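Chemist: Single-letter residue listing:
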Amino acid sequence: MLASDVTALWLTIKLAFITAAILLIICIPLAWQLASFKGKLKPILEALIAMPLVLPPTLMGFYLLVLFSPTHAFGQFWFWLTGTQLAFSFQGVVIGSLFYSLPFVMQPLLAGFKQINTTYNQAAIALGISPFKRFMYLTLPLLKPSIGSAFALGFAHTLGEFGLVLMIGGNIQGETQVVSIALYDHVESLNYGAAHQLSLVLLAISFACLVLLFKFNKTVINGAANRA
Amino acid sequence: MLKLYNTWYGYLLLLLVVFSNPLNAKETLHIAVASNFKPVLQTLVTNPALKNINIKISAASSGVLHSQIMHGAPYDIFLSADAARPHALIKDGFALKNSLTTYAIGLLALWQPSNSVINNKLAIANPRFSPYGQSSAHYAKNYIKTPYEFVYANNITHAFQFVETGNAAKGLVALSTLKSAYRKTKNKKYLNYTLIESEKYPEITQQGVIISATKHLTAAKKFMAFLNAPSTAKTLLELGYKAKESDVSK
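Order-wise, the sequence lines are chains A and B. If you're matching positions, the first sequence starts at 1 in the working numbering and goes up one per residue. If you're matching positions, the second sequence starts at 1001 in the working numbering and goes up one per residue.
Derived by calculation from the structure, the hints in this document are not laboratory data. Quantities reported herein were computed from a predicted structural model and do not represent experimental measurements. Yeah, the Cβ is synthetic: ideal placement off N, Cα and C, and Gly gets one too. Worth double-checking, as some hints may not be accurate.
[What the hints assert, rightly or not] Sample of chain B residues lacking proximity to chain A, with all beta carbon distances greater than 12 Å (derived): (1) E1027; (2) I1055; (3) S1114; (4) K1121; (5) R1128; (6) T1235; (7) L1239.
[Stated by the list, open to error] A short, non-exhaustive set of chain A residues, derived as facing chain B with CB atoms under 8 Å: (8) V66; (9) L183; (10) V187.
[Said to hold, decoys possible] Interface residues of chain A toward chain B, partial, derived using beta-carbon atoms under 8 Å: (11) P70; (12) T71; (13) F88; (14) S89; (15) G170; (16) I172; (17) E175; (18) S189.
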């Protein structure tokens, strides 16, 4: 395998890991709130979270490019905060991936929260345990399988990210050239041999990811049907 | 396909085709065009000279179209953004050798819409697979003296978007893209470019071929002749391309 492909592979794994980790931190409290939320806005919030499932990634990429621009308020704010520019940088790609993979982390968590038996929680309330402690010692441990699958799905989905990175990345080695972009490069330059090799590696990693997911998380993925 | 005409079932097929069409029916041409040329093609096909041909346009990157044709896509003509892919199709028997023509020559412009974006990013199309990118990289390396840092766009229009959105301060873009943007919006920022002398970069030769499997050879030939006509060359120049024989420097 080419040295640039190894760099791309490592970068992709790093990106997928960071994205899935940040999404977990954001989504666990969010899903917790949303699962017990009964307001009229609930379907709207759920739809918003699911939007990246249906939007074309290149479209999201284009609007992120507009958002990241130093002529735009958000781009200016980021520049003021960090002194760097988001487009064409690893941070920019991470932000893009957070949007891109959001529903894949959110859905298993939401499903997980909805499945947790409320009687435990009621018992804990009766015992006068604080909401924070209930969350830490009761809800989180019960949620473990969902957290596992949320992470794995977010990770696997980010591995295959393409259109969005293509739009905002600028194809820079070691910074924004992820595996899918490197693959596209090989195919476009009629370099099929290298493309086949890299695809095979990506395929193996993604497959391993999914095997692990299904092995450890039967309950969450098929959960609703099995428990009913 | 041509050999078919020498056999009796070839004649039968020909008769079938002839009689299954009403006499004055328009012929339909399906043209696969590299994305950068699509707006120009859309303008060209409105020309009265082509009123008897019904033209369908499919635009994508030359690489994608090339693969599609290799796998039997039903196109009659392929207008590529480079010379390599039409040649490859001819070599593999997918396109007609004598139909090969240089229909346009791409022109590069260095575009910096404003001085408000302060970074040294220079957007170019990816030189690994885009002919515009190869010429852009060649020009930048040899002639741009101020410090810059490349950002690679997926194609020449995407390089334009990097600059347009303000993420790259400047970029090497196609003159045709700037002209088309100016025509649509009349925004003065699309005029803040420097046209680059064509001696300073490898020529961006955009070639086209007729696909061997076409069932509309006559119409396809007619279209190719139209594409190479002097009147078309004039339109091309207005839209930001150079025709093969014309010279923009004079």
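Chemist: None of the hints should be skipped; say for each whether it holds.
Modeler: Results of checking the hints against the structure:
1. E1027: It holds; B:E1027 is separated from chain A by about 33 Å at its closest Cβ, greater than 12 Å.
2. I1055: 27 Å, holds
3. S1114: 8 Å, violated
4. K1121: It is violated; B:K1121 is separated from chain A by about 7 Å at its closest Cβ, not greater than 12 Å.
5. R1128: 5 Å, violated
6. T1235: About 30 Å separates B:T1235 from the closest Cβ of chain A, which puts it past 12 Å; holds.
7. L1239: 24 Å, holds
8. V66: 5 Å, holds
9. L183: 12 Å, violated
10. V187: 7 Å, holds
11. P70: Check passed: Cβ of A:P70 comes within 6 Å of chain B, closer than 8 Å.
12. T71: 4 Å, holds
13. F88: 5 Å, holds
14. S89: 10 Å, violated
15. G170: Holds - the Cβ of A:G170 comes within 8 Å of chain B, reaching about 3 Å at its closest.
16. I172: Constraint on A:I172 satisfied, holds at 7 Å.
17. E175: 10 Å, violated
18. S189: 4 Å, holds
When the structure is compared with the earlier hints, violations turn up for hints 3, 4, 5, 9, 14, 17 and for no others.
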